[in-house]
Structure formats: C-alpha cells, structure tokens
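> Spelled out from the first residue to the last, the chains are:
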Amino acid sequence: MNHNQPVYTDNDPQSELVTLNLGPTHPATHGVFQNVLQLDGERIVSGISTIGYIHRAFEKIAEHRPFYQITPLTDRLNYCSSPINNMGWHMTVEKLLNIKMPKRVDYLRIIIMELARISDHIICNTIIAQDTGATTTFLYLFQFREHIYEIYEEVCGARLTTNIGRIGGFERDFNDIAFAKINKFLKEFPVALREFESLLNRNRIFIDRTAGVACVTPEDALSYSWSGPLLRATGVDYDVRVSEPYCSYEDFEFEVPVGTSGDIYDRYLVRNEEMWQSVSLIEQAMEKLKHEPAGVFHADVPDFYLPAKEEVYNNMEALIYHFKIVMGEIDAPKAEVYHAVEGGNGELGFYLINDGGRTPYRLHFRRPSFINYSMYAHMSEGMLLSDAIINMSSMNIIAGELDA
Amino acid sequence: MAAIINEDLIKLLGDKFGEKISGVNEPYGLLTVQTTKDVIIEVLGFLKESVGAGFNYLTDITAVHYPESNHIAVVYHLHNMVDKIRIRIKVFIHEHTPTIPTATVLWNGANWMERETYDFFGVKFEGHPDLRRILNMDQLIVHPMLKQYPLEDPNRVDKKDEYFGR
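Residue numbers (the UniProt record's numbering), protein chains in the order written: chain B, 1 to 404; chain V, 1 to 166.
The following block holds chain B by itself, in its conformation from the complex (with noise of 0.2 Å):
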C-alpha cells in the first residue's frame, strides 16, 4: 500500500481527465486490487497498480517454521489451485533431500495437480464470461469446481485450503470412493466442458469482447517475465511440465497448446484446451495405476515421511519421529535449490536455502500472479475501462498469490 504514492494530484480545474480508484473492493475485479486510473471518457490514459492490501509476511513466516508448517502457508497462495502449491513445495524438499519418490506417487500427485489445474482455468474462464455478460456459463462450469473439492475431501479431508499430502507423497492411499468420483468427473466433465465451448468459442458477442483486445506480442511477454498460460497465449510454448519435467510428467502424452496473438480470446483458447489435455493427463495417470502395486502412497523414508497416527499411539520409534519430523529436526543438507512447477497461473518457483536449521534460512516463493500482474497498469493504457475489467479477469490474477 503506498499512500505516499504519486497520486494524480492534478486538481487543475481545467483538466478534463477523471481520477477514478478502481478498487480495492469493487464487484468486477474479483479480489484485493486497487488501480488509480486516469480517464479520458471511458478510455484510460494511464494507471498505477497498488498492492500489498492482503500481504501476510509468508516469508518471514517460513523462515520461522519446520518445514511441515510452511505446507498450509503456501495453500493460502493461489487458493485455487492450493494442492499444486502443496506438491510444489513437498517436491522442492523432497529434492533438497534427495528422495527418489514411487512411480505410483508421481501418478497419484498428477492427478490431484491436474484437477487442480482444472478448477483453476475454470474459474478463470467462466469468470472471462461472466464479465462479458454471460452469466449462463459462469454457473453451468462452476459446479465441476464443486466436484473437483469433493475429490480432494475424499483424498485429504479439507476442500479449499487443502494442505494435501505430505513430504515423501500422500498422508493415506486413495479410497474406493476418490476413484470412483474421479472416474465419474472424468466421465462428465468433457460433456459439460463441450457445451461451455459450444456456449463460447464462436459466440458473436463473446468474440467481439475479447478477440484483439489486449493483445501481447511474445517480446514483451517475455520482458516482462511472464510465465503460464498467458505466456503461451502469445505464442511461446513454455511450459515447465515439458522444459523441466518433475513428478513423471515425462511418462505422459500431452500437447502445449499455444495462441498467436496474446489476446484475450487467445487467453480463453489456451486454457480451454489444456483443461482438456489435463482430462486426458488424468486418464492416462488412471490407465498407468492399474500397472504399479497397489497400496503404495509414499516412498519410504522413515526419517521425512511422518509416520501413521496409530504407530505414533501405540509405538515408541514412531512418536520419537513423529516428534523430531514436527519440530524440524531433521539431517537436511545445508544446500540452496529453486524448484519450479507449472502452477495454474505459470512458474511457481521456490528458493530454498537450508543452513541445517530447523527452519529454511530463506524462502522464496515466485509467483506468477505477482510477476505477470506487473504489466497490467501499463498494458491497460489506452484501453477502455471495460476492456481492462475483462483483462484482469483473463489474466486470472489471484490476490493471495500476488501479496503472499
């Protein structure tokens, strides 16, 4: 928050432009921001982003938690698509620590991440319509978010903030019942996805808000660092799950789906057809379980993997490492390493810095919302006010992830 900022204090009465505080809590930018415009009618001369309105100091936090009490911090990143920040972060440990993980895990992480990836682009998409004045759509896709929660309920216990998982792979196996509510939104959720397509792709006046606004040439994406589908919407078929494969992705067929011109149009494309490809990640993890042994869910590492809750009751070796895994000691090499994973927004990095302590010595996240936010203000100048609504929507900006 800058109140110091360089505000518009242009009060000359002759000045024809009007200041105009978009934000903080404004119905249509769905989230914690603030934009001062300066406009001209309804054209935007220029504006300033101000942010920070829900920063939570997760860096300092982690700096002062084991590495189990950073997992729910970095839930409350991009809240929609929580378990990719909570294998991401699982994995960047897993590889300070060397852990090679069982293909089943890789497999079993695949499909909760691509779920995840799937109610975040649905959000963003329907949200797209939404503002265009579909609200139709907005409902019909929205509820397969619902299903999507009820997967990771069945999996981990919680639906939004998941804290999924643990170092070293799952906290319990899959149940019959998560299975079989996969195998039915797989079933689904393509027939619903086909007509939200059907409702959009070639829909006048959906194509009149969105194609050719707000276009990106790939240089400037790149100067400005961003990362994700709106990266690949320009053209650039950057994606890490392919640059750098982790957790198995490089067992699976599946396409990087690129636009040409950046817009937003080309926005809604590209995410549309990954949540398809991510169906089809799904489907494949799915064929792929049915070849590894059964009733594997972590790799066994008594040392980091925290062991079962009855073990820990009833036996003395379990609750002696249950209690050193909780207060963080354990023998991590003193070592730095940035991990990065495709989140729903583009490169979730973190940097870790171990120095033997029970803490990180430093943590950093890099997050894609905050990165590619920072072209917004400029990108909006010359635009119409209601075109730069839509483009915050498009660029599926999520407050928590972009203050941290």
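Hints listed in this document are in silico derivations from the structure and should not be mistaken for laboratory results. Certain hints may be false.
Unchecked claim - Listed below are the simulated EDC-like cross-link pairs for lysine to aspartate or glutamate, each with C-alpha atoms no more than 16 Å apart in a straight line: (1) B:K60 to V:E152; (2) V:K48 to B:D220; (3) V:K147 to B:D355; (4) B:K334 to B:D355; (5) B:K95 to V:E26; (6) V:K147 to B:E59; (7) V:K90 to V:E26; (8) V:K48 to V:E26; (9) B:K187 to B:E287; (10) B:K334 to V:E95; (11) B:K184 to B:E197; (12) V:K48 to B:E59; (13) V:K124 to V:D83.
Fit chain V to the given chain B structure using the hints.
Same frame as chain B, now just chain V:
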C-alpha cells in the same frame, strides 16, 4: 548446435569476465556463480544477448541477508528456454551500503521484482524508474526481511522465537 551445458557456460563467463566471476558451483545441477556489483549488468546483458548463452528470460530477483558477514546477497535466476538450462547469479553487497545497478534496463519484469527486494531488504537499485515499496505500507520504517527483525513483537513475553524454530 548441441544444447549448452554448465561447463560451456563456466568457460564462456570465465573468458569474458575472468576474475570477476567466482564461487562457481552447481547445487542440484543449477549453475551458481558470484560476481560483483560493478559488472552485474554487463554479466546479465552478456548472458541475455550473447549467442552462446541465450538467457533471455529473467525468472526471478530476490535477496538473502547474512548478518554474520554483514552482507546481503542479491540473487538473480535466469532461464534459457531453448536449451532448457537455468543459471543463478549472486552479488554480495554490504548491508550498510546496499546499492546495485538496476536490471530494468534489460527486462521490464525486473521492475516489480526489484521493488519487492527493495521493500523487504532495503536494496537500492540505482537507476530504477520507480523504486517505491510495493507490498508493505510506505510508513513502515524498516525493511522487514532483514534478519535483525524478529517475527513476533519483541515485547511479548508469552511468545519467544526460540520456542518456534529459529
């Protein structure tokens, strides 16, 4: 042309900058080098524009505070998307004179990353077009990620940092 590997990069940087490049190591396969603040922009620009390197993407800028040695390390992560290789560049600056030239001359994305680093560590990026706090309020008089500032209010008697890890 074969994809470049870390050895090529070490040689490339060594030939060009000689003694200015130090502390070369590869934790978890990610090439990490140290350089000094007088050549940092040249190093970044060389990595971005020279044909042999091609690190055209700035992944991240952040900092780390080392109070024992009175240093702040400014850390740059660059990425070559074609050859799928990353590099980490560190510059150690003194915590009492935390100045370093800005990378906004090379990447627009550096703008907010540097503002964040300034906000939390007080690193002054010389030549930055708009170096203001970004996440904290302007009235804040400290740079809160520096290690001397505790997480909890130091006047509280019921919560002490030593009970909670560090």
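> Output the indices of the hints that this structure fails to meet, ascending.
Violated: hints 8, 10, 11, 12, 13.
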